[in-house]
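On the provided structure of chain R, position chain F as indicated by the hints.
Quick note, the sequences are listed as chains R and F, same order. The first sequence begins at 750 in the working numbering and counts up one residue at a time. The second sequence begins at 2 in the working numbering and counts up one residue at a time.
Worth flagging that the hints you see were computed from the coordinates, not collected in a lab. Keep in mind that a hint or two might mislead.
Straight-line Cα separation of at most 25 angstroms, SDA-like style, residue types lysine to any residue; simulated pairs [said to hold, decoys possible]:
hint	chain 1	residue 1	chain 2	residue 2
1	F	Lys98	R	Thr783
2	R	Lys833	R	Thr924
3	F	Lys65	R	Asp879
4	F	Lys98	R	Ala782
5	F	Lys99	R	Pro787
6	F	Lys99	R	Phe891
Residues of chain F placed beyond 12 angstroms of chain R at every Cβ, according to the derived structure [said to hold, decoys possible]:
hint	residue
7	Ser77
8	Glu84
9	Arg139
10	Ala193
11	Met201
12	Glu206
13	Gln244
Cβ atoms here follow ideal geometry from the backbone N, Cα and C, with glycine treated the same way.
Residue strings, one per chain:
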Amino acid sequence: MPVDPIHAVKTWITIFFEWFGGLGLFCARVARATFGVPWEGRELLRQMDAIGSKSFPLVALAGAATGIVLSLQTRESLTRFGAKGMLPAVIVFSLIKESGPVITALIVSGRVGAGIGAELGSMRVTEQIDAMEVSAVNPYKFLASTRVMACLLMLPLLTLTADASGIILGWISSTLSQPITFRLFLHSGLKSATLSDFLPPTCKTAVFGLIIGFVSCFQGMSTRGGTAGVGRSATSSVVLSSIFIILADVILVRFIQVFFPS
Amino acid sequence: MTSTRENTTLEAKQNASQEPLVVSGLFKSFGSQKVLSGVDLTADHGETVVVLGRSGTGKSVLLKLIVGLQQPDSGSIQIHGQEIVGLEMDGLNEIRKKIGFLFQQAALYDSLTVEENVAFPLNRHTTLSDAERREKVRGLLADVGMDHDLNKMPSDISGGMQKRVGLARALALDPDILLFDEPTSGLDPITAAEIGDLIMKLKKERNLTSVVVTHDVHGAKSFADRVVLLREGKVVIDGPFPQLEQSRDPFVVQFLKDAA
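One chain only, chain R, in its complex shape:
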């Protein structure tokens, strides 16, 4: 049976607006729930541990790999242009301004986004979220708000981890080719850096945290269709979070350039 292209486009437009409308309402509900009692401190700490502490090794590893790759790749190019002395600065600036924040966000969206989407999706299809509501507990507060807040708070800290491990491994990699003390490496890398080179890119990861938290919780809590639906929620949480992180990064980089010039 032939597909009517106009009907198909209309359907897609409807789905697109319904999804964004649903996400907007969801964000409003979670935001409203966040600023009211009970504060759910214990659950927030549990989520910070699950999202933050348990992502620590993976993020540190990714940061370290990035530091090594940056060192190996840029050494050759800089040597060619006679700017080998700039290597520490290139590694440090690349990591703190862009690579560290984006890699951390994408890694967390993969590990945590999929986990949140699958966990809440599973709770939805097995009526655990309904059971929570029936127990007079607000799931937007207990389940969503705590996860969103944990993502918001932990992303900048994880970014610092990625930055630090990248710089240390970048130094190790470069010192194996040409010995240099860590102190001198850091001094060379940071001598022209200002607070505005460091703070805004690190803080922008809080926005990435919000994106991961909101999108993954929304996808999880609106799961339909049994175990297949849970799988779809896990996948779409990662895919949509990653897309929105990349788009938000473009906007935030421009925003930082305008409002926090170096």
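Frame of chain R, contents of chain F only:
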């Protein structure tokens, strides 16, 4: 202060005199599919009302509407005289504390142990000390015969045991209305009979108002004070079980024949 106490006492007396549950003219559709078409249902103090009907006749939807998990298209639901349709979340949550709900698949929190599942509502809504809470949880689990499996995870116990734990959790806040969604479905006949006996026991001990949604006619016969039979979203019969058995309505006759 005295005035406040008098008002509270007055309110409590009014609540006690009003029927725990009154549903009237309830309509619910999902898209073009009509699920409930003007359902009326009442449950008196200590009464067990069993809602029977074939799959897809809106029995479970009716329970979800009563507890505010879904909103009806039109109609009224009153719990102790208070209208819950259109009620704000805070008001609805206050009402929900008076209602226990046993889900079809028990809906235990799979990341919590048996004990933690039952303690969950108590942690949220009571100021009991740890020792008092532990004692209460153990008492509730003892009532349903599950006090030896406190530290087990829901995935490590059988379906029948999960329902028992779900029942203990539903009773945690001492509700005066208990809603059961297919309490015996998916269970072997012996376990189903045990769950039925448990419902009878609770009825005697706690004088709870219960609404039981099921298609288990034999079970219904043992614990129902009144039976409501639904067909295509409408009430066909509302009366004691013998009325159902004596009915000459072809649908009722066929329903009982199929259930035999």
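Structure-inconsistent hints, enumerated in ascending order: none
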